[in-house]
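Sequences and hints are given; from them, build the entire structure.
The opening position of the sequence shown corresponds to residue 131 in this note's numbering, with each subsequent residue numbered one higher.
For the record, the hints were derived by calculation from the structure and aren't laboratory data.
For clarity, every value in this text was computed on a predicted model and none was experimentally measured.
Some hints could be false.
Pairwise CB distance ranges (calculated) [unchecked claim]: (1) Arg282 to Ala227: 19 to 25 Å; (2) Asn251 to Asn312: 16 to 22 Å; (3) Lys317 to Lys181: 15 to 21 Å; (4) Asn296 to Phe195: 32 to 38 Å; (5) Ser224 to Phe310: 17 to 23 Å; (6) Arg282 to His172: 21 to 27 Å; (7) Arg305 to Lys184: 36 to 42 Å; (8) Lys279 to Arg190: 19 to 25 Å; (9) Phe310 to Asn189: 28 to 34 Å.
List of simulated lysine-lysine pairs, DSSO-like, C-alpha gap at most 30 Å [unchecked claim]: (10) Lys198 to Lys289; (11) Lys317 to Lys198; (12) Lys317 to Lys177.
The beta-carbon is built from N, C-alpha and C at its ideal position, and this holds for glycine as well.
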Amino acid sequence: MSQKRSKYVNTSPYFTSKNFTKTLLIRKDCFINNRPSLNAVHYPITKNDRKTFKNPKTNRNVTEFQFKVYDLCSQIPEGYVSTYRMLATALSSSPRAVGGALRVNPFAPLPVPCHRVIASNFFIGGFDGEWFGRDDKSRIKKEKHRSEKIDRKTERLAKEGILFNNEGWLIEWQRSSQIFNNFDISKLS
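Below is the structure:
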């Protein structure tokens, strides 16, 4: 897929060069009328920047734990997925805590690609605060219901070569070859 250099600078610790900044490569399909369709968000690296960074979704400071989740999630390469449990294990935490941090991810889809995190049973899981097949308010399972948010997650992953069936399960042959669990916890701040 052809790529186009963006004028935005990504300062994620996982996309760095010698001077700790690198021009973010954005695929052409992420451009509308030659303008990026993604809102580039500065990814704080220093402890001081992280202490003062407010999440625009919640208007609260991002916690140290949330940054650790985002740092690990940033390591998942395109074309792979990981699970809430794998992230939680690397952090000695719980999958629900990881999901809670990703639900309010202010850095999506890049540099923190939370759409690449699925449930440990290979189910598509949640996206942007919504879980596939469940209504946010009543938590009642909806039969054959797919939300716009989950469809966006499925489409993003399909563009990266990760496929799910109509019921929301990762295609069988990808369950061993496309799972990423090689997290480098030494890079956590």
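Now the hints, each set against the structure:
1. A hinted range of 19 to 25 Å holds for the C-beta pair Arg282 and Ala227, which are about 24 Å apart.
2. Checking the proposed 16 to 22 Å range against Asn251 and Asn312 shows it holds: the Cβ atoms sit about 21 Å from each other.
3. The hinted range of 15 to 21 Å is satisfied by Lys317 and Lys181, whose Cβ atoms lie roughly 19 Å apart.
4. Our hint of 32 to 38 Å for Asn296 and Phe195 holds, since their Cβ atoms are close to 35 Å apart.
5. At about 20 Å, the CB distance of Ser224 to Phe310 agrees with the hint of 17 to 23 Å.
6. For Arg282 and His172, the Cβ-Cβ distance of about 23 Å falls inside the hinted range of 21 to 27 Å, so the restraint holds.
7. Separated by about 38 Å at the C-beta atoms, Arg305 and Lys184 satisfy the suggested range of 36 to 42 Å.
8. Distance hint for Lys279 and Arg190: a CB-CB separation of about 22 Å, consistent with the stated range 19 to 25 Å.
9. The hint said 28 to 34 Å for the Cβ distance between Phe310 and Asn189, and at roughly 32 Å that hint holds.
10. Straight-line distance between C-alpha atoms of Lys198 and Lys289 comes to about 27 Å, which keeps the hinted pair within the 30 Å bound.
11. Our distance criterion of 30 Å between C-alpha atoms is met by Lys317 and Lys198, whose separation comes to about 9 Å.
12. With a CA separation close to 13 Å, the supplied pair Lys317 and Lys177 stays within the 30 Å bound.
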